[in-house]
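A.B. asks: In case you want the letters, here they are:
Protein chains: 2
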Amino acid sequence: MTSPSVTASIITIGDELLIGQTIDTNSAFIAQELNKIGVWVRRRVAVGDVYDEIWNALDEESKQSDIIIITGGLGPTADDITKPLLCNYFGGKLVVNEEVLAHVKYLFEKIYRRPGPILERNLKQAEVPDVCTVLHNARGTAPGMLFNKDGRVYISLPGVPHEMKGLMTSEVIPRLLNEFRMPAIVHKTVFTAGQGESVIAELLKDFEPALPAHIKLAYLPNYGMVKLRLTAKGNSKAEVETELQPYFEKLQELVKEYLVTNEDEGLEIVVGKILKEKNKTMATAESCTGGYIAHLITSVAGSSAWYKGSVVSYDNTVKENLLGVQHETLMSAGAVSKETVIQMANGAVQTLKVDYALATSGIMGPGGGSEDKPVGTAWIAVASKEKTETLKLNLRFDRQRNIAMTAANALNFLRKFILSDA
Amino acid sequence: MTSPSVTASIITIGDELLIGQTIDTNSAFIAQELNKIGVWVRRRVAVGDVYDEIWNALDEESKQSDIIIITGGLGPTADDITKPLLCNYFGGKLVVNEEVLAHVKYLFEKIYRRPGPILERNLKQAEVPDVCTVLHNARGTAPGMLFNKDGRVYISLPGVPHEMKGLMTSEVIPRLLNEFRMPAIVHKTVFTAGQGESVIAELLKDFEPALPAHIKLAYLPNYGMVKLRLTAKGNSKAEVETELQPYFEKLQELVKEYLVTNEDEGLEIVVGKILKEKNKTMATAESCTGGYIAHLITSVAGSSAWYKGSVVSYDNTVKENLLGVQHETLMSAGAVSKETVIQMANGAVQTLKVDYALATSGIMGPGGGSEDKPVGTAWIAVASKEKTETLKLNLRFDRQRNIAMTAANALNFLRKFILSDA
Chain X
175 MTSPSVTASI
185 ITIGDELLIG
195 QTIDTNSAFI
205 AQELNKIGVW
215 VRRRVAVGDV
225 YDEIWNALDE
235 ESKQSDIIII
245 TGGLGPTADD
255 ITKPLLCNYF
265 GGKLVVNEEV
275 LAHVKYLFEK
285 IYRRPGPILE
295 RNLKQAEVPD
305 VCTVLHNARG
315 TAPGMLFNKD
325 GRVYISLPGV
335 PHEMKGLMTS
345 EVIPRLLNEF
355 RMPAIVHKTV
365 FTAGQGESVI
375 AELLKDFEPA
385 LPAHIKLAYL
395 PNYGMVKLRL
405 TAKGNSKAEV
415 ETELQPYFEK
425 LQELVKEYLV
435 TNEDEGLEIV
445 VGKILKEKNK
455 TMATAESCTG
465 GYIAHLITSV
475 AGSSAWYKGS
485 VVSYDNTVKE
495 NLLGVQHETL
505 MSAGAVSKET
515 VIQMANGAVQ
525 TLKVDYALAT
535 SGIMGPGGGS
545 EDKPVGTAWI
555 AVASKEKTET
565 LKLNLRFDRQ
575 RNIAMTAANA
585 LNFLRKFILS
595 DA
Chain G
175 MTSPSVTASI
185 ITIGDELLIG
195 QTIDTNSAFI
205 AQELNKIGVW
215 VRRRVAVGDV
225 YDEIWNALDE
235 ESKQSDIIII
245 TGGLGPTADD
255 ITKPLLCNYF
265 GGKLVVNEEV
275 LAHVKYLFEK
285 IYRRPGPILE
295 RNLKQAEVPD
305 VCTVLHNARG
315 TAPGMLFNKD
325 GRVYISLPGV
335 PHEMKGLMTS
345 EVIPRLLNEF
355 RMPAIVHKTV
365 FTAGQGESVI
375 AELLKDFEPA
385 LPAHIKLAYL
395 PNYGMVKLRL
405 TAKGNSKAEV
415 ETELQPYFEK
425 LQELVKEYLV
435 TNEDEGLEIV
445 VGKILKEKNK
455 TMATAESCTG
465 GYIAHLITSV
475 AGSSAWYKGS
485 VVSYDNTVKE
495 NLLGVQHETL
505 MSAGAVSKET
515 VIQMANGAVQ
525 TLKVDYALAT
535 SGIMGPGGGS
545 EDKPVGTAWI
555 AVASKEKTET
565 LKLNLRFDRQ
575 RNIAMTAANA
585 LNFLRKFILS
595 DA
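First to last, the sequence lines map onto chains X and G. The opening position of the first sequence corresponds to residue 175 in this note's numbering, with each subsequent residue numbered one higher. The opening position of the second sequence corresponds to residue 175 in this note's numbering, with each subsequent residue numbered one higher.
No wet-lab data here; the hints were simulated from the structure. Any given hint might turn out to be false.
Treat identical chains as interchangeable: a pair holds within one or across any two.
[Unchecked claim] Derived pair list, reagent style BS3-like, types lysine-lysine, alpha-carbon separation capped at 27 Å: (1) Lys284 with Lys339; (2) Lys339 with Lys512; (3) Lys284 with Lys411; (4) Lys339 with Lys401.
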């Protein structure tokens, strides 16, 4: 894709990013929001709490980007580097902003209700460079700041994710839309499951080279699924969407055997939509996934309409007492077996009074494997009142990824079971 | 902290990072591993699948860093930009590496067992620039590549996280230790809970300025907890640790009222250690956290020693049928109430036959709130056979963060309950 006219760089500040103690989720959110309005993010840069590194990053990114967004370095215990640096960089001095001061006082007196006087370090949050436009941070004490220099826009945001998000949505995006004339960028996504990216790519080997230059296809493998994203740009959203549509339909046709959804959404959402449409309910009985499937499903707002709950039967006594797995079966076949997951799924249909239940049992590692059942062995069962189906996985990753892969495979197995259920 | 002598930059390649569809976890892992051996990561940069951007990033980072690590751009559906670019940048040409070819064939024939011949795009993974040292990727088909130029080391790794991790641990780190003389960097971390960073900073207002220049304190707020990290460097690990110890002890003393642990570990690990030491067991009964607490606990390898399971009672019928919450209580006080969480926790102690149970019920949003019980209202109960305690939270974040905050507060509440239990 050739770059559209408005470009951005994101600079995140903080030693914690450079020693790997914090995963940078802020950049992804900022990039998403910018992308939605047609801004092309060229680069993301993370630097430490070091004056020269921050200064150099500002200089470098200014060379090619129209918008530079900085996060971090503004909290009440920050090293007092960022705000003085912004004063020097843009030629201003720190002054108390009365509106921010009133907001800080309001938060401490009415919302946080901490006993005692407001600390000096909290009041200092109201100091801003006198050359900036203050962006109101409804969710916290550190305001956002906007600077204009040489036709570029610089925005400094606090690093606390929910404060940054509020500022991006309510302050930053509307101002950028006002300041720049944006091209339209449209993404269309399909999810496939059941094959790796090279098999999917083989299905698309004639499709991809035949795409026009301004339409791009990307492969994003994601826990046993492959996300295929078409991206196009043009003058108006409607125009781009119309142009993209036949390619999007062709793409779905080519991968139809493995197609899960033509929306950018996870399996837990896809399964929820199907259940809601069929007016059916489900529950889970989780051993090796330990509540992770329940967590994925309940992360979806409104999931209580189709999801009743889970028995996380980590201990065998819980499998017996709450799900009715037979002691005999656990003794003879073991907890990680086809027989056990079948009984878990059937038990959950009964006990939790649902139409469908999904059960998992496996060995996620690093310990607990044997020659018969090595680490990565996982059994999945799906049951309705009428029938039960099972699937065995042989995974070869670390504990966290084995759990995530089992959950993804289980949800896809459930999806196919429900769809094939008359 | 003044920079130690060996510095690194991490360059991640991929449009998905710049449109925010993927969160960059690779950089954090690479940074952690480099940090452990005393390499100071100066910058992390993400660029798109654009030849010039990748080339410029290599040029820029080479100016100041000794080690440049690149991830991404090497998969079977990659845009064929990265490897030709590496050839041009380091002056070589693509050749088939026989060992890599044998490995690719081995994976497809013996491990993946995909029907049909190996695809051309998979075989191409064995092509590498003839000026690189090949790093064996035991977990996948795309090899790592190491280049030397002007006294700097450049390493190119695949972007698939578990492949990258395997390569970092088994190939990259041993080679860097061989190539460079590293200073020792030591981090010591304490976790506090129950107060925000500004209150903690106030406790440390004399401590922090009195630290020697080469010992640095960082505040890392994290879901209702504040992580305090001391970092020091020197010639040997033993020497640095000895020097850091009195400051570390003093730090723990100053925050003792809110101290959770003096290790870099989450609450689920802290609670697990206490239970294991006391030879006690626990379970959870989760409504609003929907299995997230169970997931946190079961993410810890070996947690089956103290954790028996969870009833995720998302639906009220599950609260009644599996936990014995009275229908009357649900009708009069409601699912989100002190009375209900008390019955949930007591029910879980009984049903799951454990020493301690933790229960949650709340309204995580965005919908479902009322004037009496606005979004963000959450009740927590902890019970043993002898007593029950409750805690009410008033959160004001989005759904995901409300769930995470409820889980963190619940685990800390449980920790204090167990510690005060004779």
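A.B. asks: Each of the hints needs a verdict: does it hold here or not?
C.D. replies: We went through each hint and held it up to the structure:
1. Lys284 with Lys339: Cα proximity of Lys284 and Lys339: one copy only (23 Å, versus 47 Å across).
2. Lys339 with Lys512: neither (45 Å within a copy, 32 Å between copies)
3. Lys284 with Lys411: Cα proximity of Lys284 and Lys411: none, with 44 Å in one copy and 48 Å across.
4. Lys339 with Lys401: Both ways: Lys339 and Lys401 sit 25 Å apart in one copy and 22 Å across, limit 27 Å.
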